[in-house]
Each structure stands twice: as structure tokens, then as C-alpha cells.
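With the hints as extra help, turn the sequences into a complete structure.
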Amino acid sequence: MIDNEDDAWLEGLAGRLEPAQIESAFSRQLVFEGAALREFIRRQPPPAAPEIPVSDVARELEVIARARREGLLPPAADRAHARPRLRRVSLAAAAVLILAVGASIWHTSVPPQEALRGVSGGTVLLEARDPAALRRELTEELHAAGVTVSGYERLGRFGIDADLPRPLPPQIAKILERHHIPAPADGALEIEIEARVPP
Amino acid sequence: MDKTVFMRACRDGGTAIEQALRELDRGFFAILYKDAMRTLRDADATRDLVQDTFIKVWRRCATFRGDSDLLPWIKVILRHGAIERLRQTVREVSMEDHEGLTADASQRIYELSVESNPTPEEWARRSEHEAQFRSGWQRFQEEDPLHAGVMSWIVEDGLSNDDIAELLNRSPGATREFISQCRKRARRYLADWYALASEQGGSA
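Chains as they are written, first to last, in our numbering: chain S, 1 to 199; chain R, 1 to 204.
Hints are computed from structural coordinates only; laboratory data are not their basis.
Keeping only pairs whose Cα atoms sit at most 20 Å apart, straight-line, the calculated EDC-like set for lysine to aspartate or glutamate is:
(1) K174/S to E18/R
(2) K56/R to D67/R
(3) K34/R to D186/S
(4) K174/S to E23/R
(5) K3/R to E177/S
(6) K56/R to E70/S
(7) K184/R to E5/S
(8) K174/S to D2/R
(9) K34/R to D56/S
(10) K34/R to E60/S
(11) K56/R to E60/S
(12) K184/R to E142/R
(13) K34/R to E51/S
(14) K3/R to D186/S
(15) K174/S to D12/R
(16) K184/R to D7/S
Restraint ranges, calculated between C-beta atoms of paired labels, are given here:
(17) A43/R to P169/S: 33 to 39 Å
(18) R154/S to S68/R: 40 to 46 Å
(19) D161/S to V76/R: 34 to 40 Å
(20) H180/S to L71/R: 24 to 30 Å
Covered stretches of chain R (chain S as the covering partner; in silico rule of three or more C-beta atoms under 8 Å from a C-beta of chain S):
(21) 25-34
(22) 38-45
(23) 133-140
(24) 146-157
(25) 171-182
In this text, a Cβ means the ideal position worked out from N, Cα and C, and glycines have one as well.
This is the structure we're talking about:
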């Protein structure tokens, strides 16, 4: 039931009514008008805009900084102030860490440690002490989760490509999270790992 | 981003929000940017609006009940923000109606817009219509982005009277007036397109 001419026009514009469904000639005309506008609006190209990457670490940091400024997250300064109160605990933790690092150097079967360096053009860039070992570990874990992975080595960089199922199963999400790898929005996972230069 | 993850992060707060903000950015920034860019038509303002939307999303996260998907809920917040910004720069002026399409012309232009196998003559007409529409619509978007933007959203998401009232935060009566103004402004900005349709509709 169309109450007035604007309603008829709106129904046509929204694509909810076909003109043939309307009995009144006047209302039908307005539905036609709305539907014609709809078809032409849909065909208009979007305004020119810079290419927007799906994932952009700098952009993420920008929004997090904004959340801190607006009080949504605790300011970084507050966390710094909290440190003196925890100094003794921190010193103890540091001592444990030093021991752990020493032990890990001594031990040969230690798992590779990696750090996320960023995302460039959809490729996740990781840095690891032993890139080959990290690639092997990632490949094995993803394989075990049912993902087909292809690996490569190019100019000293180790890489893997994989198509992840969508929505992302929790098991795979956990693997990515554990290795600090952002989940690709389109399911196409591309990772490059380079050797960490010792300090 | 999955809505259950979002709701859990909202409940947990703290560092969960930081991680969720990253996921929101990865999952939705590009989509929201495209949507807002059509209305604001300015890259910096659009980037700022999308980031502002993410902050608002977290301020209001407790109001998300999970009845719908996350993206449509976020889009409403984005569009509220776009409307606020447009209202700061656009003064609404009531517009008198003037003639639209005749019955024949409106049917003809509708057929031209949806036919799949046009004759060469129809191709030529269609190109002419496209060019007229594009220049008028571009001017409409530049000079009156609020009404043109709402029309785009109606086309994109099939908004009803109630949806538009909620978006504009207006009463049903004021919303009807707004829609009426959309129709009148479309007729003004697209007058050449309407005239071409009337001319060809009359001779068809």
C-alpha cells in the first residue's frame, strides 16, 4: 500500500517495488522514476581515492594512539608510571629471562623466535633468528590444521603462501596469533621471513 | 571480525580492546572507507571519520546485542558520523517542487537503464543518458552531499522510512519531508537528464 507520491518514489529508489506491481498510474510513474534513478546511481563510478590496503600496521597504531588520547585505553604514560612499583618484580623477571635466554642459546632444539616487522602489500614480514626453522614450524602447524601451504626461498628470504578457509577456524587463528601474524581479511596468507641481524 | 569475538572483547575491556581495534581496522577499514568516501569525497576527512567510527564503536560496544552482523551496525555509526560532518557544512534550504518525468518518459528511461541487449540506437541514447546523469549527479553530490548521500544509501541498502528516520534522528514527519526534498533536489540537479528522458519518451 503506497500512501503518497514520496513513498512510491522511495520504494522504487530502494528497489523494493517493481512498477508492474503498482495499480495506480501516477504511483507507477513515481516508482519508475525512483527505479530509473536507482539504476543510474548504481552505475556511477566511485570517487577517485587512494588505494587502501586491507592491513596497515601504521594505521592500526594510529587508531590505537587515538583510543589512548580519548581515554578508551590507558595512556602509555600510565603504564610507564606503573613500572617503579613493580621494579622488584621486574628485576626478578629480568634475571629469569637472562637465564632463559642463556639456556635457549645453549640448547639446540629451541623453537625459533620471531617478530612482526610489518605488512607490506598484503605480505606479512617476519624477522626470526632461524627463518628456515620458523618456516618449517609454521608449515607443519598449518598442515596439521588442514591448510595446504607452499614454501619458497628467494634472495635469502624464506616465504610461505597459503589459502586459509573463511571464516577462519579457531585452531588456525590461534596459530597465527601465537606467531604474531595478522589474519588476512581475504584468506590469502603470504609470509616472508628474513634473518634477524644480531645486535 | 566475528561478532562473538567483538562482544567478548567488549566485555573483557583493557588489552582485549587494543587487539580488537587492530582486527576491526584489518577487517573493515577498507570497506568503510569506500562507503564514506562516496559521501564525504575527501580522502583525509574520510580516513578521520573511519577512525573516529572505530572509537565510537568501542564506546557503544555494550549496546551491540548481536542480533545483526557487525558490519551493518558499524555502518550505521559511520553514517551518523558522516551526517554530523555534512550538517556542519551544509545549510538545509527547502526547495519547491517542479515537474519530473511524464509517465511515458519515466517508463522509457527505466527500460533504457535495465535492457540487456540494446540496439545501436538504444546504445547511443543510453550513452547520452549516462553522460547527462553523471554530470548532474556529480554536481548534486558536490553541492548537496547530505541528500545525495542518503539517496546513495537508500539504493545500496534499501533503507526504509524508519531506517532513514533513525539515521537522521528525525521524527517520521520530518523524515518524510527530507525524502520529499531528496526527490525535489534530484529533479533539480538532474533536470537535463529528466528533460532528455521526457523528450525521448515523448517521441518514442
